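The listed protein sequences derive, respectively, from chains R and V.
To convert, note that position 77 of the first sequence is 77 in UniProt numbering; the numbers rise steadily by one, no gaps.
To convert, note that position 105 of the second sequence is 105 in UniProt numbering; the numbers rise steadily by one, no gaps.
Hints in this document: simulated from the structure, not taken from any laboratory.
Warning: the hint list may mix true and false statements.
Partial list, computed: chain R residues near chain V (C-beta under 8 Å) [unchecked claim]: (1) Q42; (2) C58; (3) L61; (4) A63.
The model shown is predicted, which means the values in this text are computed figures rather than measured ones.
Yeah, the Cβ is synthetic: ideal placement off N, Cα and C, and Gly gets one too.
Take a look at the letters that make up each chain.
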Amino acid sequence: MRVNFTVNGRKQEADDVWEGESLLYVLRERMGLPGSKNACEQGECGSCTVRLDGVPVCSCLVAAGQAEGREIVTVEGLADYARHRDDAHPGAGCAAGTCGTSLDAARRWQAGPADAQSAEAAELSPIQQAFIDAGAVQCGFCTPGLLVAADELLETRPSPSDQDIREALSGNLCRCTGYEKILDAVRLAAARQEEAVR
Amino acid sequence: MDFLRPASWEEALAAKAEHPTAVPIAGGTDVMVEINFDHRRPGHLMDLNRIGELSEWQVGPDSVRLGASVPYSAVMENLRTELPGLALASHTVASPQIRNRGGVGGNLGTASPAGDAHPALLAAGAEVEAASVRGTRMIPIDDFYTGVKRNALAPDELIRAVHIRKADGPQQYSKVGTRNAMVIAVCAFGLALHPGSRTVRTGIGSAAPTPVRAKEAEDFLNAALEEGGFWESGKIITPSVAKQFAQLAAGACNPIDDVRGTAAYRRHAVGIMARRTLGWTWEQYRGAGRTLEGAA
Numbered sequence: 001m002r003v004n005f006t007v008n009g010r011k012q013e014a015d016d017v018w019e020g021e022s023l024l025y026v027l028r029e030r031m032g033l034p035g036s037k038n039a040c041e042q043g044e045c046g047s048c049t050v051r052l053d054g055v056p057v058c059s060c061l062v063a064a065g066q067a068e069g070r071e072i073v074t075v076e077g078l079a080d081y082a083r084h085r086d087d088a089h090p091g092a093g094c095a096a097g098t099c100g101t102s103l104d105a106a107r108r109w110q111a112g113p114a115d116a117q118s119a120e121a122a123e124l125s126p127i128q129q130a131f132i133d134a135g136a137v138q139c140g141f142c143t144p145g146l147l148v149a150a151d152e153l154l155e156t157r158p159s160p161s162d163q164d165i166r167e168a169l170s171g172n173l174c175r176c177t178g179y180e181k182i183l184d185a186v187r188l189a190a191a192r193q194e195e196a197v198r
Numbered sequence: 001m002d003f004l005r006p007a008s009w010e011e012a013l014a015a016k017a018e019h020p021t022a023v024p025i026a027g028g029t030d031v032m033v034e035i036n037f038d039h040r041r042p043g044h045l046m047d048l049n050r051i052g053e054l055s056e057w058q059v060g061p062d063s064v065r066l067g068a069s070v071p072y073s074a075v076m077e078n079l080r081t082e083l084p085g086l087a088l089a090s091h092t093v094a095s096p097q098i099r100n101r102g103g104v105g106g107n108l109g110t111a112s113p114a115g116d117a118h119p120a121l122l123a124a125g126a127e128v129e130a131a132s133v134r135g136t137r138m139i140p141i142d143d144f145y146t147g148v149k150r151n152a153l154a155p156d157e158l159i160r161a162v163h164i165r166k167a168d169g170p171q172q173y174s175k176v177g178t179r180n181a182m183v184i185a186v187c188a189f190g191l192a193l194h195p196g197s198r199t200v201r202t203g204i205g206s207a208a209p210t211p212v213r214a215k216e217a218e219d220f221l222n223a224a225l226e227e228g229g230f231w232e233s234g235k236i237i238t239p240s241v242a243k244q245f246a247q248l249a250a251g252a253c254n255p256i257d258d259v260r261g262t263a264a265y266r267r268h269a270v271g272i273m274a275r276r277t278l279g280w281t282w283e284q285y286r287g288a289g290r291t292l293e294g295a296a
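In isolation and in its complexed conformation, chain V is listed as follows (with noise of 0.2 Å):
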């Protein structure tokens, strides 16, 4: 096994494309374990850590471009007013310790459906910036997951930095598993309001091959609360287009039975919390006094 440190992206670019099947490393919080147990031995290893831009972010007008090794710890302390569901997201990994290390450019990497930021990143709206000695180029977070831990990237590509839409209304995300540390999702939910566009965008995790959206319960909400005159009056969601959204939300689930959960109390699960995030963000939104904190 070689190990390559590439100074500065330019560097790490050239030696993707000079060995494609190299593995970044950036926290290690995936790779390492493949590598203590085994389960991968990749011929080279290429360390991020030393390229200082990939931990660095910028707020821009509409959009925070986050760079891939940015921790979650900083996500979590720094971006909660732009990136609320995020930040809840990133609060709900594993440990201090993993949240120190672990970012989001790793969790799109390694394209697990378990992965957290995934429905944050859906539910928010993002595009991830791939690039490579042949250029850059932006693919929307709808396009990125393309299979159980496979994604769009080439295989002389790296991540570069994520493109996340700032929150221009509540965001919330919940997570189902047994302790509130140290949990790989058995399903998770995200959810956003973007009052701007009159739109709810929500993203699902852990309960189909991909991280995926909820495409037909949004279609639905949108336009029951268009309908409702919902965004204008901001009164209270009819109950029963609630639960219809929260049983369109359960029905974009393919889950499998696996050692966390069964496919059937995935479902379940995924529909209670699509109910609830709705709820939260929709107190938000009318703004009863709930922090856009909230509760995950």
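Okay, chain R solo, but in the shape it has when bound (with noise of 0.2 Å):
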């Protein structure tokens, strides 16, 4: 079946997308965005988190056609979303076209820090910088998944406690066990957000 869906702010769709097949198996194996981590396959690890329409899922439980029209958030359109998080549609993509991250971009995508950026750098959104910033990622594979959901954290709470971290974070698995680092990021982004509506 095909699968029209909106994807970090662009129209895209999927073909030949099997009707068992999960939301993450499309974003990695057909966008080509591997962004988005498969691990568990069962909500355990979170990994796989993006958001649907706004809200933080499993993608890894989300079927493929249930996304059908909807709007998808990866770890690859972060920064973009950050940047539109104000505006009228974050996540949605504008008319004109111009903002939103193509999968081009997507895929070519490299993290880098804020003091090395080169033109060609990508931009980092705020949770991102304060993960490099704070040591908060080691081996990096639970570290998209933790991104997705910190950034929802940090839009729906600006000044979480910690207990806030703690559970908005309850459903990512870290296994480097980089937990306390993390913690610090999030606080980090949370203090420079307060800074700056100061």
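Put the two chains together into one complex, using the hints given.
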């Protein structure tokens, strides 16, 4: 079957999708977006977390057909999503098609620290920058899911308590057990966000 | 495999009548796991997400009509006052990502003895609104669970909503697991005080082939509270009464040994949870300053 949906602000279609396929599989194997990670395939680890119409979900537990007509944001589109957060259309893309993240740009995307940014270096969302600055990335496998979950937390709760952070990230497992630095990164992003508001 | 996308409830019922083996999928938190692991290959997968009414709820004078696909996160956020037990139970479900998708309809459809909503539904009192092209019937929650992962639905029926009695007193929910998130219950216990009818109702999860009420424990406690005039006086429940209640609750279990825990542990833990939830709710009833939200 064919699935039409919006991925990182751009209309996309996936063909020859098997009816029992997960949204995660479509994103990784058909859209060529391997940012969302495939680990447990049962909603335990959170590595595949994406936003589905703005709501963080495990993309391994969404049937591809359920994504028909809906808006998906993956880690590849997080920087653009964060930039347009206060616009009328975060995640939906604009009519002119100038915002959002194309598949091509997403596939070439590479993270680089802010101080080494050249013209080609992709821009980072605040939470991504905070993860780098706090040293919250070890093997990096859990990072995309954590970024999407943490970004949503900072959107809905600009000044989260430690309890809020722990709960928001409770569905994301880090097998390097680097949780302290991850918590530091979210606190750092929240502090910077508060600073910016002031 | 065919992917069915009914756009309305009537279409869904027609599709289910035509394909009784079609597997309904809403949050996907059970169904997709089975498909991902190749444990299940249904001929038809029926997406219910396009039917908006399933994600809505209505608060009536006596009960809440909760659409089958209302996610746990919505129950937690919006129905704490009306359905405190279910809201507490919802908060113990897995993680935010799972609570954003999963709902009570799916919990009932799967009918796992470990489903988190069941003890809260049993304790509060509820009816399942099941529908087919033949019509709609209300299944009392006490008659809904028929075996391990089996329920009273006919092959052509779908769960449209659950009607849950609004709390008329304190409710509590307790669950045993190795951490606070991402845990399938080792066992769970729900308790609701119903001061209107001067009764206590309970629900036990993950300690018998189906979710069950601890009926003997309820009967004993109801009689003891009545005889002692506890409902009027609001005095502290005699420790011997609480102890007997806990023993009877443990006796209502019919658990197994499995990877999550032993039968003996489950029986013991259910007794402890019965005594604690009774204590918590009774303190709330006595107005000792605790909020309805309590500690689960």
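For each hint, the structure was consulted:
At its closest, the beta carbon of Q42 of chain R sits 4 Å from a beta carbon of chain V; the interface hint therefore holds under the 8 Å criterion. Below 8 Å, beta-carbon pairs count as interface contacts, and C58 of chain R has one with chain V at about 5 Å; its hint therefore holds. The interface hint given for L61 of chain R holds, since its Cβ lies 4 Å from the closest Cβ of chain V, which is under the 8 Å cut-off. At about 6 Å, the closest approach between the beta carbon of A63 of chain R and any beta carbon in chain V falls short of 8 Å, and the interface hint on this residue holds.
Figure legend: structure checked against the earlier numbered hints; every hint is met.
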